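Take these sequences, add in the hints, and give me the full structure.
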Amino acid sequence: MSIFNQKSKFKVKTEVRSVRQAVEPSPRPPPPKQKSSGANGRLTAASNSSSRVASPRPPTSAAARRSRGQSASPQVDNDATGAGSVARKRIIGGGGYSQSPRSFSLTSSGDEDEDDDWEDNLDARKRQKRAHQGRLLVDRNRTLRHPKLWVGDETDVAHASIIHAVDVASLKQKCQPVLGLAADQVAVKLQYPGSRYPERYELVSGKDKIEAVKDIIKVVNYVASTYLTDDQATDFLDQTTGIIRKLEKSKNTNDGPGFKLALRDYNERLRALQRKGTIAKNLDGMHGIPKELVAFILDQVYDRTVAPKIELLAKYKNGSDNVYGELLHPFISDIIERTKLTSEKVFVDLGSGVGNVSLQAALEIGCESWGCEMMENACNLAEAQKKEFSARCRLWGIKPGAVHLERGDFRKNDNILAALKRADVVLVNNQAFTSQLNDNLVSMFLDLKPGCKIVSLKTFVHDNKNAENDVATSILDVEHLTYPEEYVSWTNASGTFCISTKKVYS
0 MSIFNQKSKF KVKTEVRSVR QAVEPSPRPP PPKQKSSGAN GRLTAASNSS SRVASPRPPT
60 SAAARRSRGQ SASPQVDNDA TGAGSVARKR IIGGGGYSQS PRSFSLTSSG DEDEDDDWED
120 NLDARKRQKR AHQGRLLVDR NRTLRHPKLW VGDETDVAHA SIIHAVDVAS LKQKCQPVLG
180 LAADQVAVKL QYPGSRYPER YELVSGKDKI EAVKDIIKVV NYVASTYLTD DQATDFLDQT
240 TGIIRKLEKS KNTNDGPGFK LALRDYNERL RALQRKGTIA KNLDGMHGIP KELVAFILDQ
300 VYDRTVAPKI ELLAKYKNGS DNVYGELLHP FISDIIERTK LTSEKVFVDL GSGVGNVSLQ
360 AALEIGCESW GCEMMENACN LAEAQKKEFS ARCRLWGIKP GAVHLERGDF RKNDNILAAL
420 KRADVVLVNN QAFTSQLNDN LVSMFLDLKP GCKIVSLKTF VHDNKNAEND VATSILDVEH
480 LTYPEEYVSW TNASGTFCIS TKKVYS
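Just so you know, the working numbering puts 498 at position 499 of the sequence shown, and the rest follows in order with no gaps.
Quick caveat, the hints were computed from the structure, so don't treat them as lab data. Don't take every hint at face value.
In silico PhoX-like pairs for lysine-lysine, Cα to Cα no more than 20 Å straight-line [what the hints assert, rightly or not]:
(1) K308 with K173
(2) K147 with K280
(3) K420 with K308
(4) K171 with K188
(5) K386 with K308
(6) K308 with K147
(7) K339 with K147
(8) K501 with K457
(9) K339 with K206
(10) K308 with K206
(11) K308 with K171
(12) K147 with K275
(13) K420 with K448
(14) K188 with K259
(15) K502 with K457
(16) K248 with K259
(17) K339 with K248
(18) K339 with K501
(19) K173 with K206
(20) K448 with K501
(21) K420 with K501
(22) K502 with K448
(23) K171 with K206
Since we're looking at a predicted model, the values are computed, not measured.
The structure is reproduced here in structure tokens:
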């Protein structure tokens with residue numbers, strides 16, 4: 000049974016003061032030779048981030064991922080973060096380093112011996128696939144298919160205006176050829192489900208660069224697992240003759256020509272499905288995106304726009320409100336569920352940094368999404384992300400919600416003030432805000448409509464205030480909650496946050 004036309008298995012969490020993450024059933028113990036276990040599910044729930052600055056690679060064990068609410072899916076490399084293995088530094092208050100929860104396992108570590116256990120790997124994947132299929136938010140009112148999806152019309156001349164992987168990871172960037180290929184053999188192209196024009200890669204590897212081989216295998220897997228029914232995906236996922244099997248075997252045996260041949264086969268088969276109308280038909284039957292795919296697309300955008308210029312985010316004024324920190328993918332997915340955000344609602348992020356949260360909300364649930372930031376470097380990177388995000392959503396054939404990223408002080412921005420009056424969910428990462436700015440925000444909340452949810456790192460209602468004179472107390476009902484480890488960029492530790500609801504009568 001495919002992911003099409005399924006009911007969502009998500010349930011909005013209602014616990015107070017704790018976030019309880021479901022622990023997935025343990026997979027079958029791995030065979031003796033195998034060094035990493037997993038399951039091929041149809042895209043398990045991914046870590047989701049929103050406001051995030053780059054982070055180093057996370058723990059690689061399946062147990063470590065499950066402890067953070069992650070799946071142990073082998074569908075993404077253990078030593079890769081997000082799209083490729085770009086090492087992401089996290090910056091706040093001078094720049095502490097922590098680990099990102101965005102990691103899944105696609106293959107064993109690469110030994111030829113491990114390749115002998117492929118069938119055991121796939122059997123485990125099949126067993127867990129059904130359980131993972133439900134890990135997406137389904138909104139029956141959402142139209143997922145991009146209006147400019149390519150359906151085989153050869154007259155289409157609109158080239159994909161993306162930043163190609165080769166633009167940030169190539170021999171010119173001092174990367175090294177992989178898979179035993181010579182320098183003049185590394186150029187390849189990768190087809191996506193939404194466009195006739197592929198992305199250009201070089202099969203190279205470099206520190207803090209996109210790892211082309213891993214990135215390509217992930218894309219092929221996500222396409223087959225998400226866009227195709229089980230029968231249609233057989234040519235890609237079959238345990239003995241499937242394209243992913245061939246790609247991974249070539250990777251494990253350092254067989255460059257074999258990898259390129261399998262990739263060419265994938266490109267041709269996907270283009271045939273596009274011309275046949277299969278991709279368009281399947282997208283028309285989908286009303287949600289697996290969280291892994293959401294995270295992967297956002298990471299692709301981030302790796303091509305923010306990561307190469309990450310040092311710019313370290314430049315801020317100490318002691319001001321302009322301190323940069325990010326909320327990671329899983330935190331925002333949790334917020335989307337808790338606040339019951341849908342494609343028909345309006346989301347506003349006050350202090351949106353490089354725009355990660357706004358982009359995630361628009362992609363994951365398809366809502367109208369706003370952000371406002373005043374730090375110049377962050378605004379410039381946010382604009383670059385928005386441009387790449389739009390182009391890459393078309394590449395994937397997915398229609399996101401409308402995204403509006405504003406510059407300047409959100410207290411004075413007319414567009415933001417107007418959006419707040421319509422907002423259903425407002426996010427304020429006020430961890431480092433001054434008390435004056437927090438008081439200003441409370442005054443702004445007077446214009447919110449009743450029932451609007453405000454998610455913040457710190458409460459706006461303080462115990463040391465007189466309730467009669469405390470505006471926040473008079474207009475907000477506050478729920479205090481705890482987030483687990485690896486939810487924010489500035490610490491590995493867990494912490495607290497609040498969801499405040501604008502009172503109906505105030």
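These are the hints, each one checked on the structure:
1. Between K308 and K173, the direct Cα distance comes to roughly 17 Å. Compliance with the 20 Å bound is thereby established for this hinted pair.
2. Simply put, K147 and K280 have alpha-carbon atoms about 14 Å apart, close enough for the 20 Å limit, and the pair holds.
3. A threshold of 20 Å between alpha carbons decides the hint, and for K420 with K308 the separation of about 35 Å lies outside it, so the pair is violated.
4. Of the pairs offered as hints, the one joining K171 and K188 holds, with about 17 Å between alpha carbons and a cut-off of 20 Å not exceeded.
5. For the hint linking K386 to K308, the alpha-carbon distance of about 16 Å falls within 20 Å, and the restraint holds.
6. For a cut-off of 20 Å, the pair hint linking K308 to K147 is broken: about 31 Å separates their Cα positions.
7. As the CA atoms of K339 and K147 are separated by approximately 29 Å, the hinted pair breaks the 20 Å bound.
8. Restraint check for K501 and K457: the C-alpha separation of about 16 Å stays at or below 20 Å, so the hint holds.
9. At most 20 Å may separate the alpha-carbon atoms for a hinted pair to count; K339 and K206 exceed this at roughly 40 Å.
10. Taking the CA atoms of K308 and K206, the gap is about 15 Å. The hint holds against a cut of 20 Å.
11. Between K308 and K171, the direct Cα distance comes to roughly 17 Å. Compliance with the 20 Å bound is thereby established for this hinted pair.
12. Between K147 and K275, the direct Cα distance comes to roughly 16 Å. Compliance with the 20 Å bound is thereby established for this hinted pair.
13. A C-alpha spacing of about 6 Å is found between K420 and K448, which places the hinted pair at or below 20 Å, so the restraint holds.
14. Under the criterion of a C-alpha separation no larger than 20 Å, the hint pairing K188 with K259 is consistent with the structure, at around 9 Å.
15. Between K502 and K457 the CA atoms are separated by roughly 19 Å; this keeps the pair inside 20 Å, and the hint holds.
16. A C-alpha spacing of about 12 Å is found between K248 and K259, which places the hinted pair at or below 20 Å, so the restraint holds.
17. Restraint check for K339 and K248: not satisfied, since their Cα atoms lie roughly 43 Å apart, outside the 20 Å limit.
18. For the given pair, K339 sits about 15 Å from K501 by alpha-carbon distance, which is consistent with the 20 Å threshold.
19. A C-alpha spacing of about 9 Å is found between K173 and K206, which places the hinted pair at or below 20 Å, so the restraint holds.
20. Using a Cα cut-off of 20 Å, the hinted pair K448 and K501 holds, with the two alpha carbons roughly 7 Å apart.
21. Between K420 and K501 the alpha-carbon distance is near 12 Å, which keeps this suggested pair within the 20 Å criterion.
22. For the given pair, K502 sits about 9 Å from K448 by alpha-carbon distance, which is consistent with the 20 Å threshold.
23. The suggested pairing of K171 with K206 holds, with an alpha-carbon distance near 14 Å, which does not exceed 20 Å.
The structure is inconsistent with the numbered hints 3, 6, 7, 9 and 17, although it conforms to all the rest.
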